[in-house]
Amino acid sequence: MKPAELGVPRAFDVHSHVLDNGLKVLLVENPSVPTVSLNASVLTGARHDPEAKAGLALMASRLLDEGTENRTSLEIAEAIESVGGAIESDGSFERIIVSAGVLNKDTDLGLELLAELLMRPIFPQEFVDKEKERTLAEIASAKDRPQVVAGWAFNELVYQDHPLHRPAHGYPDTVERITRADLLDFHRRYFVPNNVILSIVGDFQVPVLLPKIERAFAGWPNQAIAFPTYPKPVRQTNKREKYINMPAQQVNMYLGHLGVTRTNPDYYALQVLDTILGGGAGFTARIPQRLRDDLGLAYTTFASITMTAGLDPGRFISFIGTSPENMKLAIEGLVNEIRRIIEEPVTIEELRDAKDYLTGSFVFAFESSAQISRFLVHAEIYGLGFDYVQKYPDYIHAITVKDVSRAAKLYLDSENYTLVVVGPVAGNGNVSTQESAK
Amino acid sequence: MSSLVIPSAFATEDVRRTVLDNGLVVLTREVHTSPIVTAMIWYRVGSRNEELGHTGKSHFLEHMLFKGTDRFKKGQIDLITHRNGGGNNAFTSHDFTAYYFNFASDRWDVALEIEADRMVNCAFELDEFEAEKKVVIEELKTGLDSPWGLLLQDVEAAAFKIHPYRNPIVGWLQDVERATVEQQQAYYRKYYQPNNAILVIVGDFDTGQVLNSVAHAFRPIPAGPAPPPMLLREPEQLGERRLVVRWRSKVPRLAIAYHAPEIGHAASYALQVLAVILTEGKASRLYQRMVEQEQSVTFVSAEYGEAKDPTLFHIRAEARGTHSIEGIESSIYDELERIVSNNVTPHELERAKHQIEAHFILSRERTLDQALLFGQIETLYGLDYIDSYLQRIGAVTSEDIEHACTRYLHENNRTVGRLLNDGSGQESEEEGETG
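Residue numbers (the numbering used here), protein chains in the order written: chain X, 846 to 1283; chain P, 210 to 644.
With the rest of the complex left out, here is chain P (with noise of 0.2 Å):
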């Protein structure tokens, strides 16, 4: 019924996974379009790890990788990264922790040197972890200056009651400032080491050449004992829960959070498959009906992400003019109910498939972009994941998205939250000229 054209094993072609002793996963793949490499770590360790009072853990430790082992002084990878003309950076997600290198092919393999030495010989000085605390307080601070970080950072705390999806990646203020060196490193201790990690490469190398340069970078790192497991399971949610954060705004802004299952569970795919349907581009059902019919909203989104665990399903929007945030509520629920009397048209249907499928290849030209899909997959899953992906997402049916919309997109099963206006006016301005 669905004419994909490229099966999504288009990305994961000559992609080598290779398990070294240690239990380090290696997978690499070579494409030489451009002289680059790009080189990533993946450590299976987040927010999603954390314990009640320690939250932010994962994201703190991520700053400190960056702060210099014995070899590496502080600044010496940053400087490093320069004059080799490369780019460096690193992400924190609820499930995982991921550096990266971008280097041209010629001067690429330093990245796996830093990589092999900062996953057991990060320094931890006192100095430098104070001074870091401060730098990642600013980054909280600057998400709470942010209306849609604070208003999810809410909404999310409601959903979840016990698992640590309910934490905010950088965590809580109170735990960020508590937090010593020594705990940081028992954490890092606890959670980086080759068997936990997974270490992708792709561009313009030779596989056998570069497995050498890995195999002597890491081989020598001894396997760890296996991280703790997280066993929190989120008991089912028995009725809708509701919130408010009043701030500054004038705007009002709308956010519903579904719990909805992990990744490769049967009903993502359809979930996934709903989401493009409800609101990406401007033929979808919610961006014409909010924001070309009833025009409430300047923008609506419906987003199902891959989790390790059971997520949430978001769908947000952002009041315009003078339209009440209950009328935009009572749209999207109307629109969801639609969907389950009268389901999702086969033409509906087939275009959001394309939609996927073109933006599964079209998002994957970068040697970057591919390491990321590698590493978070793997991280996640598992790289059969991407083989079957674009089938699984083709062989979603109407009656898939129907079941799936019954099953979790009711109101027993969300958590509403509402940004609105705390009474304070307009910002006051004063400026002066000398000289």
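Chain X on its own, in the form it takes in the complex (with noise of 0.2 Å):
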């Protein structure tokens, strides 16, 4: 790694390798800390569930540690945790991710149980059953929190029939339904080396590891994928409202509707835009500025199209959790501030800060080998090249008044949204008067 430069992330050398059986492997040296970072990213997840077997990739992704061919669920959690490393697995819509972190004498045993649990999980029954019933009680439990209720239901009413619909982990009849043999068919089909990418981030030499993942990974037949096709989302052209009762302190609300995905031309505009409606540091974006700091409505309440931007088109959402008798106020407030940036130009002061903003903080994504670790993995799947770490201020600094009021018009709607309330509010929308009372 080379020194430090002001104001941009410190620039590193990425080694990238495409081994014979097509598995990618992308490297960088990074000896501030003794510490390696290990990332294998499988290019599936729940996206590519079956309706019918909702939640299938995520337990795959979750059991791929509770037994292989060599190991027992108990021996692979001594191997690792002996030595005070850590490995896990867990999947979202895109991708299914096996990390490890070590220190640095125990890369060799970290690589070692990252290629074990790519290559050979078995996936034994005894450990299919306990996970299902995990998974059914990890949704009982998540029920308790409003903003996760409120989440399903926004997905639900925006998403329609595509996957995204879907809670990453399925349903319960749908967990219900999934056996050991579409776990290990589901293996099959995606876990081979061609889609796969390894990043491998810390203190290592590049000649010394190489040679060794090469061993780890030689005897992983490539294949070719069949990837499930399925229509793209549409964005709603009339307002959906849904109202959930929930016994509660607050409302929680989510206001919004489909977005954009990551490879937008628009990505970039958008971001500012972000950063002008509902991020930005502290409370100086709109949104927080206008409902928290002016209003005193909310302790949480932000905005982003950006921050869900995948393959597949995420969702543009605004949020806010508010006292019951403050939720018409606070539904107010978000759609005057979506409108506001629909139909007025942002202020060249505005542009300018939130570029000062995203350009200045983007050396913070950059500070620890996990996070460089990532970053590898998001610029091969996104194609955004591995110079992006330079490219990015420029990309920003190029986005004017007017790439924000289009993209504005083009990609947020104050009309056509979807609206999901969770809290002490009855199926009309009325406030529960015995919650609200005070």
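Everything labelled a hint here was simulated from the structure, so no lab data went into it. All C-beta atoms in this analysis are idealised placements derived from N, C-alpha and C, irrespective of residue type, glycine included. Keep in mind that a hint or two might mislead.
Claimed, not checked - Capping the alpha-carbon separation at 30 Å, the derived lysine-lysine pairs in DSS-like fashion look like this:
| # | chain 1 | residue 1 | chain 2 | residue 2 |
| --- | --- | --- | --- | --- |
| 1 | P | 350 | X | 988 |
| 2 | P | 491 | X | 898 |
| 3 | X | 1057 | P | 491 |
| 4 | P | 283 | X | 1173 |
| 5 | P | 459 | X | 898 |
| 6 | P | 517 | P | 350 |
Said to hold, decoys possible - Partial chain X-side listing against chain P, Cβ under 10 Å, derived:
| # | residue |
| --- | --- |
| 7 | 879 |
| 8 | 910 |
| 9 | 922 |
| 10 | 942 |
| 11 | 944 |
| 12 | 946 |
| 13 | 991 |
| 14 | 992 |
| 15 | 1130 |
| 16 | 1137 |
| 17 | 1202 |
From these two lone chains plus the hints, build me the complex, please.
Here's what the structure looks like:
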């Protein structure tokens, strides 16, 4: 790693290799701390789950460390925990990620376990049964959290038939339906080297590590993959509202609609827009400034369209948690700010401040080995290029007031939105009196 | 017996401690791997300093410090942070209140000016105070909508009868509602002064220059009268305390809290190792027993957090399916008894020590993480705690754990809280579509 330059992330050399079997390997040496972060991303996730077996990808990811051809679940845990390391596997809509964090002296062990979890998991029936029970219990527990319930309902209304309408963990009845055969089939289909990106960042030397990686993954044959296809989601042209009654101190609300993909050409204009409307440092953006700082309506309120942008279009969301008697005021507040940024150009000052914020804070995304490792995967998946680190300030500086206005008009809608409210409200949106009485 | 590979002095190497004439403690450490500087200020005041009827004062004050001074008007602190591409935040605990800025290293000095100014010049305008009170109340309510927030609040209030650790950090709702701007300002004057603060700066800078800037910003602030000491001591608990919180959830939850010693106490190291042996990782005792074998919980966690005064050792679990909370509770006690009668194995002990050591190193990569560690430990105890930390952990024996378990994790010393359904049903929904 090279010495730091002012105001921009430290430059790093990415060693990029493709093994004979198609496995993509990205390596960055970072000797500043005696640790190594290993990250394998399998390019599938809940977006590829069949509707009737929603939750399959996530369940498969969580079972990777529960037994392989060589080791039992407990042996895997013993191996990594005995050296103080950690190995985790988890899934999202787009990716299944197996990651390990170890001290530099344990790099070989981390690599060995990572390879084993990817290539040779056996999904023992006993653990499949346990994982199903556990997922069902976790769904039941998550239902206690109004913000989570609001998020689920919001996605159902926004995505309709598109796979992203579901929670990544599926529904109780689809989880029940998943079998060991489904998990083995899922693994056979998607866990192939040509569908995996391995990124390793930390205190190692590439010429020493690379041959070990080649050996660890040598026996893994590549194979063509047929990904399921589905129609693109369509942005709503009407207003959709849902009120879910839950006895609580606050109402939690999501208001928004379908968003954009990460590769959208207006992504950077929308980052600037997000910063002005609902992000930025502290409570500088319009929504937190107005609804929290001026009106005192909430502790948590924000808005963003780029935060959830991925391979599939994400969501434009604005969120607020507030006392029930403030519900109407809060909805009005959110809608007014969305309308204002669509109808009126942002000021030169707001634009300049947002750009300064985005370019100035970019450096914080590259502080740790784990962060750099995640960046490498994003750069690969979204075609950002490894010189993105240098190019990013230019992308942001190029944005004009007109770009922000055009993007606001094109991608935001202050009338045809989805609103979900969870809290002490009646089905018709009236606040329940016994809860709001003060 | 233990094979720790990295001494914990690794963490405090090159940390320079300077004390200004006005009593401000300054900790600096140069880290040049990223062009970033973290500047934090820690005040030795938290909910432990609050009197009955005045809870939440420390936390409310933390909010007010963002509402402006004569020099930095309302919104300015955030705006300066924003324009400089930085990040800022703050947090309050039982024992301290801390504020931080993260900036690129070519523009971070403004953090010093802000901290020096708001140490003494916080504005306390009535309108701003009342508006922020609403925000604090919303924050408090968010906590009341969380099952663990509710349960732990009651458990702590029952475990401590006298010591202020019994009060929620955010305060009791009525106290926050009744708070006045005059009281809040008096509280600020009492605790916010250089001789009650620690400034921590970690990152890409030159120490000599930074100490000059620090002196320039903070030296003009005179030392104040020493804040009053907090003298309350919790009497020994003489029997189990049990409580139930009735709530809308269908998922029963269990929280067990044992009185435990303060940071630096000989037994505190054994309790930290024990917490790891019990629930850290899939090979841990309670995970193997309750998640894997009995399948009675979705998770179980044991936790000892360092604190200035004698504190609590928490064990929490969330029930799964139809498993009874009584069965879950007795499994936990059974496992604790086994530890006393059979001791932990040498292998378990070794594994736990390695986990603590690796975590200590793996979690200190960012400048903010380092500043957090230095500030917290200096506030609670003194930096030398870090230097001997891994050595003390490494020296813990299975007998130490047995003794700590016998002394602290017994029936008469515990408070047991259960969160159970209040008889309410599922949520109801209604949707509409227009347009």
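Okay, the hints, checked on the actual structure:
A threshold of 30 Å between alpha carbons decides the hint, and for residue 350 of chain P with residue 988 of chain X the separation of about 18 Å falls inside it, so the pair holds. Proposed proximity of residue 491 of chain P and residue 898 of chain X is supported: the alpha carbons are some 27 Å apart, at most 30 Å. With a CA separation close to 27 Å, the supplied pair residue 1057 of chain X and residue 491 of chain P stays within the 30 Å bound. With a CA separation close to 27 Å, the supplied pair residue 283 of chain P and residue 1173 of chain X stays within the 30 Å bound.
Of the supplied pair hints, the one linking residue 459 of chain P and residue 898 of chain X holds, its CA atoms being roughly 25 Å apart against a limit of 30 Å. As the CA atoms of residue 517 of chain P and residue 350 of chain P are separated by approximately 28 Å, the hinted pair is consistent with the 30 Å bound. The beta carbon of residue 879 of chain X is positioned within 10 Å of a beta carbon in chain P (closest approach about 7 Å), and the interface hint is therefore held. Given the 10 Å rule on beta carbons, the hint for residue 910 of chain X holds: about 8 Å separates it from the nearest Cβ of chain P.
A hinted interface residue such as residue 922 of chain X counts as satisfied when its beta carbon comes closer than 10 Å to some beta carbon of chain P; here the least separation is about 4 Å, so the hint holds. Interface hint at residue 942 of chain X: violated, since its Cβ lies 17 Å from the closest Cβ of chain P, which is beyond the 10 Å cut-off. Because the beta carbon of residue 944 of chain X sits about 12 Å from the nearest beta carbon in chain P, more than 10 Å, this interface hint is broken. The beta carbon of residue 946 of chain X comes within 5 Å of a beta carbon in chain P, closer than 10 Å, and the hint placing it at the interface holds.
The beta carbon of residue 991 of chain X is positioned within 10 Å of a beta carbon in chain P (closest approach about 6 Å), and the interface hint is therefore held. Given hint, residue 992 of chain X at the interface with chain P, holds; its Cβ is 9 Å from that chain's nearest Cβ, closer than 10 Å. A distance limit of 10 Å between C-beta atoms decides the matter here; for residue 1130 of chain X the minimum to chain P is near 9 Å, and the interface restraint holds. About 6 Å separates the beta-carbon of residue 1137 of chain X from the nearest beta-carbon of chain P, less than 10 Å, and the hint is met.
Restraint check, residue 1202 of chain X versus chain P: the minimum CB separation of about 5 Å is within 10 Å; hint holds.
In summary, the structure is inconsistent with hints 10 and 11 from the numbered list given earlier, while agreeing with the others.
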